[in-house]
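Participant: Here is how the chains run, residue by residue.
There are 2 protein chains.
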Amino acid sequence: MTPSSSLDELVEALRCLPGVGPKSAQRMAYHLLQRDRRGADRLARGLDAALQLLHHCARCNSFTEAEVCERCLSSRRDASQLCIVEMPVDANSMEQTHAYNGLYYVLMGRLSPLDGIGPKELAFERLFARATDGVVKEVILATNFTNEGEATAHYLSELLHARGLKVSRIARGLPVGGELEFSDAATVAQALRERRDFV
Amino acid sequence: MTPSSSLDELVEALRCLPGVGPKSAQRMAYHLLQRDRRGADRLARGLDAALQLLHHCARCNSFTEAEVCERCLSSRRDASQLCIVEMPVDANSMEQTHAYNGLYYVLMGRLSPLDGIGPKELAFERLFARATDGVVKEVILATNFTNEGEATAHYLSELLHARGLKVSRIARGLPVGGELEFSDAATVAQALRERRDFV
Chain A
1 MTPSSSLDEL VEALRCLPGV GPKSAQRMAY HLLQRDRRGA DRLARGLDAA
51 LQLLHHCARC NSFTEAEVCE RCLSSRRDAS QLCIVEMPVD ANSMEQTHAY
101 NGLYYVLMGR LSPLDGIGPK ELAFERLFAR ATDGVVKEVI LATNFTNEGE
151 ATAHYLSELL HARGLKVSRI ARGLPVGGEL EFSDAATVAQ ALRERRDFV
Chain B
1 MTPSSSLDEL VEALRCLPGV GPKSAQRMAY HLLQRDRRGA DRLARGLDAA
51 LQLLHHCARC NSFTEAEVCE RCLSSRRDAS QLCIVEMPVD ANSMEQTHAY
101 NGLYYVLMGR LSPLDGIGPK ELAFERLFAR ATDGVVKEVI LATNFTNEGE
151 ATAHYLSELL HARGLKVSRI ARGLPVGGEL EFSDAATVAQ ALRERRDFV
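So the sequence lines, in the order shown, correspond to chains A and B. Each residue of the first sequence is one higher than the one before, counting from 1 in full-length UniProt numbering. Each residue of the second sequence is one higher than the one before, counting from 1 in full-length UniProt numbering.
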C-alpha cells in the first residue's frame, strides 16, 4: 500500500509486454507476488536465458540458439524454394500442412509505415542476399492477407522479380469446407477471379 | 523456427501471467526478442528485485519493502478504524477519496471456494489478531460487491462480531451522477432498500 519502489518498477516493467496497460500490469504484478512467486522467478530466468542465447538464424532470420537453425541446415529440404513469412509462427503454420518442403525466410514483421516499419527496419537487403544465393529458384510470398501483409508482398515481388527470381503468392479463396452462403463477398469475389480450370 | 529450448521455455514462462494463453505468450516472446530487448531485460531485473525485496507488511498485509509499511506507521492516522479491502489497489481507491483516515488490512484476495481459496489461504487468523489489538474499535468491510466479495464480507462480519467488534459495510446504491433510467434494476432496488432519512 505504501508506494514501494520495487513494486512500482515491476508494474512499469510489465508494461513492455504488448497489450498490457497500467491496470493489467498492476494485476499481473500482484498475481505474481501473491500467487505465483515461482512463476515469476521462472519468468525472470526465462527472459535472461532467451536474451542471452537466442539470436537470428544467419540464413532464415528466425530465432535460434545456433548460428544457423536446424531447419536451414537440413539436407532433406528443397533449397530451390524459399517461402517468405512474416513471423516464426507463420512458418510453423506452413510446416503443419506437410505440403511444403522448401526453406523459409522470416521477415520478423511486415511493412507498416504508420508504425515506422519500412524496408530498412525489416532488413530487406538480407532477404535479397539470401534469395540471390544462386540456389533459390522460386520465392513464395506467404505474408498474411491483411493490408500490410499484401503491401509487403507487392513490394517484395517487384524487387525480387527485378533480381530475376520466379515469385509466387499463396492463393486466396474459400477455406476448405467453406460455404458461399457464409463467406464474405470479398473472399467469394477473389475465389471467382482466381478460378482454375477444372480437370 | 527450429524448436528452440530457451524460446519455448520463455513462452511457457510467460503463461504464468494472468490472462495470458499460449497465443499471447508466443506473441509476447517474439515482441520482446524482436522489438524490446531492453524492456525484457528490465522486466527480468524488476521481477528479481520485487521477489527479493517485497514482502507482506506485518500489520496491514500489503506489500512493502520494510517490516511495517509507512501507512501503518503513520501517527496521523486513526488507529481505531480498520478498513478491510481485497487488494492493495482497493486501498488506493479508498485513499483517493480523501474521506478515510483510518488504517487498512489487505486480504490479498477473496473467499473463492471454486479456486480453492478459503479462510486458511487468506490467513484470516492474522486479520483477527490484527483487529483485536485493543485499539481497533470499528472494522469497515470494503470488499467488492461481487458475489465473492459479498460472501467474504458476510463471513468476516460474523466472526468479527463474535469478537465484540463494531462491523460496518460500505454502502451500495446509485453512483454519484447516476440516473435511474440507466442504472441496472438490482442497483436501483438496493438503493431503495437502503434508503436513508432525508434531512
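Since the hints were derived computationally from the structure, they do not count as laboratory data. A couple of the hints might just be wrong.
Claimed, not checked - Keeping only pairs whose Cα atoms sit at most 30 Å apart, straight-line, the calculated DSSO-like set for lysine-lysine is:
{"#": "1", "chain 1": "A", "residue 1": "K120", "chain 2": "A", "residue 2": "K166"}
{"#": "2", "chain 1": "A", "residue 1": "K23", "chain 2": "B", "residue 2": "K166"}
{"#": "3", "chain 1": "B", "residue 1": "K137", "chain 2": "B", "residue 2": "K120"}
{"#": "4", "chain 1": "A", "residue 1": "K166", "chain 2": "A", "residue 2": "K137"}
{"#": "5", "chain 1": "A", "residue 1": "K23", "chain 2": "B", "residue 2": "K120"}
{"#": "6", "chain 1": "B", "residue 1": "K120", "chain 2": "B", "residue 2": "K166"}
{"#": "7", "chain 1": "A", "residue 1": "K120", "chain 2": "A", "residue 2": "K137"}
{"#": "8", "chain 1": "B", "residue 1": "K166", "chain 2": "B", "residue 2": "K137"}
{"#": "9", "chain 1": "B", "residue 1": "K23", "chain 2": "A", "residue 2": "K120"}
Said to hold, decoys possible - Selected chain A positions facing chain B (in silico; Cβ < 8 Å):
{"#": "10", "residue": "C16"}
{"#": "11", "residue": "G21"}
{"#": "12", "residue": "Y30"}
{"#": "13", "residue": "D41"}
{"#": "14", "residue": "L43"}
{"#": "15", "residue": "L47"}
{"#": "16", "residue": "A49"}
{"#": "17", "residue": "A58"}
{"#": "18", "residue": "F63"}
{"#": "19", "residue": "E65"}
{"#": "20", "residue": "P88"}
{"#": "21", "residue": "M108"}
{"#": "22", "residue": "L165"}
{"#": "23", "residue": "V167"}
{"#": "24", "residue": "I170"}
{"#": "25", "residue": "L174"}
What you are looking at is a predicted structure, and each value in this text was computed from that prediction instead of being measured. Note that the Cβ used here is the ideal one computed from N, Cα and C, for glycine as well.
Participant: Hint by hint, note whether the structure agrees.
Facilitator: So, going through the hints one by one against the coordinates:
1. A/K120 - A/K166: This hinted pair holds, its Cα atoms lying about 23 Å apart.
2. A/K23 - B/K166: violated, 34 Å
3. B/K137 - B/K120: holds, 24 Å
4. A/K166 - A/K137: holds, 6 Å
5. A/K23 - B/K120: Holds - the C-alpha atoms of B/K120 and A/K23 are around 28 Å apart, at most 30 Å.
6. B/K120 - B/K166: holds, 23 Å
7. A/K120 - A/K137: Between A/K120 and A/K137 the Cα gap is close to 24 Å, so the pair holds against 30 Å.
8. B/K166 - B/K137: The given pair, whose Cα atoms are some 6 Å apart, holds under the 30 Å limit.
9. B/K23 - A/K120: Distance of about 28 Å is within 30 Å: holds.
10. C16: Status holds, d = 3 Å.
11. G21: A/G21 check fails; min Cβ-Cβ to chain B is 12 Å, beyond 8 Å.
12. Y30: Check passed: Cβ of A/Y30 comes within 6 Å of chain B, closer than 8 Å.
13. D41: Hint on A/D41: holds, closest Cβ of chain B at ~6 Å, below 8 Å.
14. L43: Holds, about 4 Å.
15. L47: holds, 4 Å
16. A49: Cβ of A/A49 sits 5 Å from chain B, so the hint holds.
17. A58: violated, 13 Å
18. F63: holds, 6 Å
19. E65: OK, holds: A/E65 within 8 Å of chain B, min 5 Å.
20. P88: holds, 5 Å
21. M108: holds, 5 Å
22. L165: Not OK, violated: A/L165 not within 8 Å of chain B, min 21 Å.
23. V167: Violated, because the Cβ-Cβ distance from A/V167 to chain B comes to roughly 21 Å (cut-off 8 Å).
24. I170: Since chain B brings no Cβ nearer than about 17 Å to A/I170, farther than 8 Å, the hint is violated.
25. L174: violated, 25 Å
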